[in-house]
Every structure is written in C-alpha cells, then in structure tokens.
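Chemist: So you can see what is in the structure, the chains are spelled out below.
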Amino acid sequence: MKYKNMDKKKQKGRWQKIHDFLLDSEKINAELSWMQRLWYVIILLASTIYVICNFCEIVSFTFFSQFNGKNLIFLIWIILLVFPLVDNFEGFGIKYKRDRQRISKELNETTDQLMLQSKKSQNTEVNTGQIEKDLENAIERKEDENEQ
Amino acid sequence: MNNRDLALKAISELTQSGIDLLKKPLELDDLTFNIWLEHSRKILELVTKDNPTIILNYLRLSIDLAGNTMLSNKQKMDFCLKYLIKVLEII
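For the protein sequence lines, the chains are A and B, in the order given. Read in order, the letters of the first sequence are residues 1342 to 1489 in my numbering. Read in order, the letters of the second sequence are residues 6 to 96 in my numbering.
Watch out, some of these pointers could steer you wrong.
Claimed, not checked - Think about it this way: if two alpha-carbon atoms lie no more than 25 Å apart in a straight line, the pair counts; the simulated DSS-like pairs of lysine-lysine are: (1) B:K47 to A:K1358; (2) B:K28 to A:K1446; (3) A:K1446 to A:K1461; (4) A:K1358 to B:K79; (5) A:K1460 to B:K14; (6) A:K1446 to B:K29; (7) A:K1446 to B:K87; (8) A:K1461 to B:K14; (9) A:K1349 to B:K54; (10) B:K14 to A:K1474; (11) B:K29 to A:K1474; (12) B:K14 to B:K79; (13) A:K1351 to B:K47; (14) B:K29 to A:K1351; (15) A:K1461 to B:K87; (16) B:K28 to A:K1353; (17) B:K47 to B:K87; (18) B:K28 to B:K87; (19) B:K47 to A:K1461; (20) B:K79 to A:K1474; (21) A:K1411 to B:K87; (22) B:K28 to B:K47; (23) B:K47 to B:K29; (24) A:K1483 to B:K29; (25) B:K47 to B:K14; (26) B:K54 to A:K1460.
To be verified - Residues from chain A shown here face chain B by an in silico Cβ test under 8 Å; the list is partial: (27) S1374; (28) M1376; (29) L1448; (30) N1449; (31) T1451; (32) M1456; (33) I1480.
It should be emphasised that the hints constitute simulated quantities derived from the structure, not laboratory data. Nothing here was measured: the structure is a model prediction, and the numbers come from that model. The beta carbon of each residue, even a glycine, is placed where N, CA and C say it ideally should be.
Sequences are here, hints too, so could you generate the full structure?
Modeler: What follows is the structure in structure tokens.
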C-alpha cells in the first residue's frame, strides 16, 4: 500500500511538472529555440554529406531538363548555407524576420517596467533634456548602423 | 526608402513632436494630450504593421497611463516617449 501511494504521489509530481512546463511560455520558447538550432545543424550536416558524396552529378544540373531530387537537395543546401547571413527576407509570398521574437520580448519587458515606474513616480518632474538626449543617441546609433 | 527607414523617420518625428509639447512651459491640457496620443497610436500602427507586438504594447501602456489619475499629462507623455525611443532603438 505504501509503495502504491508513493507511486501515485510521484506520478502526480510528474504531471504537475509537465503542467507547469506547458504554462511557462518562456521555458517553452527556450526549448523550441534550442530544438530549432539542433534541427538546422542536422539538416545542414545531412545535406552537406549528401552533396559531397554526389558532387559531380549535382553540380552539372540544368533547371529545365533532367531536374531531379538531387538538384533540389543541392538548392536547399545552398539556401541553408546563405540562411545565417540573412536577417530579413520578403518575397515569393514568404516573409522572414529573425528579430521579431527578440523585439517582442524586449518590448514586453520595457512596457512592464514603464508601467511599474508610472505607478511609483507620481510627483517626479519630467526631464525633457534627458529625453531629447536619448532620442538623439538613438538616431545617431541608427545612422551608424545604416552606414555600416 | 524602405519600410524600416520610413518607420524610423516617422517614430523619430513623432517623438520630437512630443518633446516639443513637453518643452512648453504651461501644463499640457487633456485635449492636446489626447490628440497627440491618438496621432501617435495611428502612426505607430501604420509603420509597424509587420510586428503587431509594438502597437499592442503601446496600447497596453497608454491604457494603463489613462487609468492613472495621479500622473499629469506631461508625465504620461514622458512614459509614451520613453517607449517610442525604445522602439526606435531596437527596430
């Protein structure tokens, strides 16, 4: 009986952990990003091995005649090689933005902080000079990024 | 000019217009503040269509500020400007 009760408690603990994990969006996001990276590495390695093994046949392909699965793997391999260099892509009905998740996360945090600050700072004076300085710095940084 | 440049230009102009209002020595009246807030919401919505989180968080902040009766309009605008500058920095 004692062992049965202990097993039930253990199972309850496991289900509770799974339940907590599913409700924790930050943990899920962290796990997903880790899996995405691993999956990318696996596909890249597999396609690289395939391309190296069939290099002569794959390189001498044409788009219109004798286009087969091997050629498709070669094209996917090239896309995978270029993929880490691209931040934003829009075209052919596909939209890709690498920064979207990071921006969302940062803005969620900023909004929470500002909302908390607004509740605490009721009699503080507005520092216009500081805001103007922050704006100038932000614009300067953006201009530097564009020049680079 | 691509979408990102357009967004940067619009947000920096919007922030500058807010700073100009803050610089005025008199207290900011409700009408002027509400017009600026509505204008800023629309501009932000237009230029950040590809990432709805930006406007959603701004709406969340502005609604929270609207419910805070202890803050003056200038203080509320200060928080809105801080958010806009943050957007400018990270997009």
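Chemist: Indicate, hint by hint, whether the structure satisfies it.
Modeler: Taking the hints in turn, this is what the structure says about them:
1. Taking the CA atoms of B:K47 and A:K1358, the gap is about 43 Å. The hint is violated against a cut of 25 Å.
2. Taking the CA atoms of B:K28 and A:K1446, the gap is about 32 Å. The hint is violated against a cut of 25 Å.
3. A hinted pair counts as satisfied when its Cα atoms are at most 25 Å apart, and A:K1446 with A:K1461 qualifies at roughly 23 Å.
4. With a C-alpha separation of about 47 Å, the suggested pair A:K1358 and B:K79 falls outside the 25 Å cut-off, and the hint is violated.
5. For the hint pairing A:K1460 with B:K14, the CA-to-CA distance comes to about 31 Å; that exceeds 25 Å, so the pair is violated.
6. Using a Cα cut-off of 25 Å, the hinted pair A:K1446 and B:K29 is violated, with the two alpha carbons roughly 35 Å apart.
7. Of the supplied pair hints, the one linking A:K1446 and B:K87 holds, its CA atoms being roughly 17 Å apart against a limit of 25 Å.
8. Between the alpha carbons of A:K1461 and B:K14 the distance comes to roughly 32 Å, so the proposed pair goes past 25 Å and is violated.
9. Between A:K1349 and B:K54 the alpha-carbon distance is near 50 Å, which puts this suggested pair outside the 25 Å criterion.
10. Note on B:K14 and A:K1474: the hinted pairing holds, with a Cα-Cα distance of about 17 Å set against a maximum of 25 Å.
11. For the hint linking B:K29 to A:K1474, the alpha-carbon distance of about 17 Å falls within 25 Å, and the restraint holds.
12. The straight-line distance between the Cα atoms of B:K14 and B:K79 is roughly 23 Å, inside the 25 Å bound, and the hint therefore holds.
13. About 54 Å separates the Cα atoms of A:K1351 and B:K47, which puts this hinted pair outside 25 Å; it is violated.
14. Note on B:K29 and A:K1351: the hinted pairing is violated, with a Cα-Cα distance of about 66 Å set against a maximum of 25 Å.
15. Simply put, A:K1461 and B:K87 have alpha-carbon atoms about 16 Å apart, close enough for the 25 Å limit, and the pair holds.
16. Of the supplied pair hints, the one linking B:K28 and A:K1353 is violated, its CA atoms being roughly 61 Å apart against a limit of 25 Å.
17. Note on B:K47 and B:K87: the hinted pairing holds, with a Cα-Cα distance of about 17 Å set against a maximum of 25 Å.
18. Pair hint B:K28 plus B:K87 holds up; C-alpha atoms about 15 Å apart against a cutoff of 25 Å.
19. A C-alpha spacing of about 28 Å is found between B:K47 and A:K1461, which places the hinted pair above 25 Å, so the restraint is violated.
20. For the suggested pair B:K79 and A:K1474, the alpha carbons sit about 17 Å apart, so the restraint of at most 25 Å is met.
21. The hinted pair formed by A:K1411 and B:K87 fails the criterion: a straight-line CA distance of about 53 Å is larger than 25 Å.
22. Taken as a hint, the B:K28 and B:K47 pair is honoured in the structure, with Cα atoms around 23 Å apart against an allowance of 25 Å.
23. Between the alpha carbons of B:K47 and B:K29 the distance comes to roughly 24 Å, so the proposed pair stays at or under 25 Å and holds.
24. The suggested pairing of A:K1483 with B:K29 is violated, with an alpha-carbon distance near 28 Å, which exceeds 25 Å.
25. For the given pair, B:K47 sits about 15 Å from B:K14 by alpha-carbon distance, which is consistent with the 25 Å threshold.
26. Note on B:K54 and A:K1460: the hinted pairing is violated, with a Cα-Cα distance of about 30 Å set against a maximum of 25 Å.
27. Because the smallest distance between the Cβ of A:S1374 and any Cβ of chain B comes to about 17 Å, over 8 Å, the interface hint for this residue is violated.
28. Given hint, A:M1376 at the interface with chain B, is violated; its Cβ is 23 Å from that chain's nearest Cβ, farther than 8 Å.
29. For A:L1448, the shortest C-beta to C-beta distance to chain B is roughly 5 Å, which falls under 8 Å, so the interface hint holds.
30. A cut of 8 Å between beta carbons decides the hint on A:N1449: the least distance to chain B is about 6 Å, and the hint holds.
31. For the restraint placing A:T1451 at the interface with chain B, the shortest Cβ-Cβ distance is roughly 5 Å, inside the 8 Å limit, so the hint holds.
32. Hint on A:M1456 holds. Least Cβ distance to chain B is approximately 5 Å, under the 8 Å limit.
33. A hinted interface residue such as A:I1480 counts as satisfied when its beta carbon comes closer than 8 Å to some beta carbon of chain B; here the least separation is about 6 Å, so the hint holds.
Hint check: violations occur at hints 1, 2, 4, 5, 6, 8, 9, 13, 14, 16, 19, 21, 24, 26, 27, 28; the rest are consistent with the structure.
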